[in-house]
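Q: Given two chains presented individually in distinct reference frames, assemble the corresponding complex, making use of the accompanying hints.
Listed below, chain by chain, are the residues.
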Amino acid sequence: MSQVFKVKVNGQHQLTVDASQGNTLLEALEQAGLEPHYHCRNGFCGACRVQLTSGDVTYINDPLAFIRPGDCLACCCVPASDIEINQ
Amino acid sequence: MSYSTFNKNQINPLKEPMFFGNSVNVARYDQQKHSVFEKLIEKQISFFWRPEEVDVSRDRVDFQALTESEKHIFISNLKYQTLLDSVQGRSPNIALLPIVSIPELETWIETWSFFETIHSRSYTHILRNLFTDPSEVFEDIVINEEIQKRANDISQYYDDLIFYTQLWQTHGEGEWEVDGEMHTVNMRELKKKLFLCINSVNALEAVRFYVSFACTFAFAERDLMEGNSKIIRLIARDENLHLVSTQQIINLWQYGQDDPEMKEIAEELREEALQIFMNAVEQEKQWAHYLFRNGSMIGLNEEMLCQYVEYIANMRMEAIGFDAPFKQRSNPLPWMNKYLVSDNVQVAPQEAEITSYLVGQIDSEVSASDLGDFEL
Ligand code: FES
Ligand SMILES: [Fe+2]
Ligand SMILES: [Fe+2]
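Taken in order, these protein sequences are the chains called A and B.
Just so we're aligned, residue 1 is where the first sequence starts under the UniProt record's numbering, counting upward by one.
Just so we're aligned, residue 1 is where the second sequence starts under the UniProt record's numbering, counting upward by one.
Same shape as in the complex, but just chain B (with noise of 0.2 Å):
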């Protein structure tokens, strides 16, 4: 089952399940399987937004300003992040393009991708603003031991994955030893695999940012690291939209909507896929702890932001057919739902105090009195 960048085989799209199918051809959108991916694509377009937007230089001062503990808080959530988009940027292509089978979502699996290296961008001009050197905050990402743990689990499921793939396009389904291990191959073992990993992905954009973004808008709360905090509301809004893709993608195979080997599956790797999202939810709880370890902030403590999570982490759960496993129905944190409602985003070059937003544009009105010494 060798991969070909252009499927040569007559394929009807209308026919094929998402994953697995026949490989897609002809990207066209005329007709579609599941016309909700492209309606994503379209939305996520629309929200397109640069870093160099938005005028960090303010939160400089900010941050100067801010206590020890605070600026834990404020750089280990920014490392945190930059992990995940790191990872976010680029697995959806490694991991799924070799085998999604309609146009429309891999289409929708490269624009997402491509936002993601937007966030990780923005990071870099966060930083950038705030130290004069930032390689230190980098560096430290691959050997924090707290931000390890949590690389662990969000990269191993994408590993699995493109391992497993990777055997069965070059050798097919069968018994494979690589490296001294030996390896089965089948159609079934890469679907069950498939399912964990977009549980694992869905996670991931469900909750792992839920704590940070919440630092962010207390910050913002207290009219601190605007800049940042206006940079996170476009990521929060672009979040929400991958969340949904992934949730969509899960309902889909669940109602058996897809591929109905993928339905017994979802039956199957229910208790799994379950586990993953209780394991999420107790890594962010613990980074929570490892926030305030030195000290809390003001407006916000770990039992806070522990309650917030859970709060999401219910909503999020019964969206893909979960029970609600926490007590926490109500919002604790009532002021995040103004940072995270999308009308309240004004797309960056709109606003007043965007100092690059003429950069690079001419200028296209022209007075008369431009032209004063002008003579022929």
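Next up, chain A with everything else stripped away, as it sits in the complex (with noise of 0.2 Å):
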């Protein structure tokens, strides 16, 4: 099954992302010039929290921050489907 998904940022930006890869969607974020929010990069600060707005990402992972309904943690997680996230 192909691992390369369609990741939309902000309704605008639109990247793709081989999960394959290893990198990680803030990996993926930043070299598309996007400047995402971190501190951490490790799952335990939630800086790098994004809105997800539609499909799935899977951890790789385990993060130590809350995640509330609606929202991802770009640094330990790749998308699982075609994503939209706003940030």
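Because the hints were derived from the structure by calculation, they are not lab data.
Be aware that a few hints might be false.
Reference excerpt, derived from the structure (chain A facing chain B, CB under 7 Å, subset only) [claimed, not checked]: (1) 39; (2) 41; (3) 42; (4) 44; (5) 47; (6) 64; (7) 65; (8) 66.
So the derived list for chain A, only partly shown, Cβ under 8 Å to chain B, looks like this [stated by the list, open to error]: (9) 36; (10) 37; (11) 38; (12) 45; (13) 59; (14) 62; (15) 68.
We put the beta carbon where it would ideally sit given N, CA and C, even for glycine.
A: Below you can see the structure in the form of structure tokens.
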């Protein structure tokens, strides 16, 4: 099954992420030049929180920050489908 | 409801709320109601560090060369942080341990407080290196008006919860007179006090350190006071974990994943919780003003610091379900991030500049030449 997914950011930018590459969503946003927020890059501060308005993500590291419904932590997840996020 | 250090009743900790249930008896972690606290304990312990491992000796020379206004900024921040960690090194234990009712959270509270004591000891380590006698700095913490204002706000919610818990544990629910004042003690009141206290601690861990962190890292950007900055990076990493734990507690309540009465209280006291947070933000901005009253430092001024506080506050407030109240959505101090990334924090012993690393350790490498004069 293809691991290549579309990520739409703030309803405008669109990028393609290959989830099999091991890059986090945060890294993908940075590579696209979007300057996402972060501090720890390790799932325990919550600074990288973005709204996940459609689609699913998979956590590759176990996050310690509380993930409120409709949010995701970009530093420790990869897309699991085409997704839309707001940051 | 007197407290017992070992509750003899058979209880199922999986059915207990985080607070104000049956007090914990067996410290067991094979089963957990909220496993995130066990993960926080593991993470925090994996971050263990000793202030003495960080060599701060070169900071002394740097400090002498700072301007008077920069010295004021540096020392005032250390005083404020000393206050914060003095409170945090004891209060979670005193206020929360008597009322916690699940083992993983009980142990998290103890672990958390213990790390705050490491922070406190590190300020002494830093100050001893800068001054032959640092007592003047420490003594000013209880005299300085600017620090006093903050101390008051920080400790009042803890003190209130502690006092009512003591009344409840010695007298039970009811109306009690103490020193001529009447106090109504019932479970709802106690839980409200707990809710406000956790919100106040959350605001402390969320924003109260960041003005002073920003100043420290602004010095480090100029290659100044680098020993101090190494220590503050370790502290900042710990503070992030502490913050995540208070955010967890608040969210578990809000989403009804713990005590249903706390969910009601979270709704009922939402405005008050918001106000606690906004007050902390305002105090931080005033602190920036106080720091820079004698002049700025290179790379940082009051306005940038206040923008940074707003930027951080937005993030922290959204994490507990408030709307971001400030316009500042982009990071005004982008260089801060490299000091807050956890991968960049070298846990001290591997670093070359550690002078005390081998002190008290046994050198296990023995070569043949070491034994040259050795005869049987
Ligand atoms: S950057 Fe800290 S949780 Fe993602
Ligand atoms: Fe601390
Ligand atoms: Fe802390």
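Q: Which of the listed hints are broken here?
A: 9, 13
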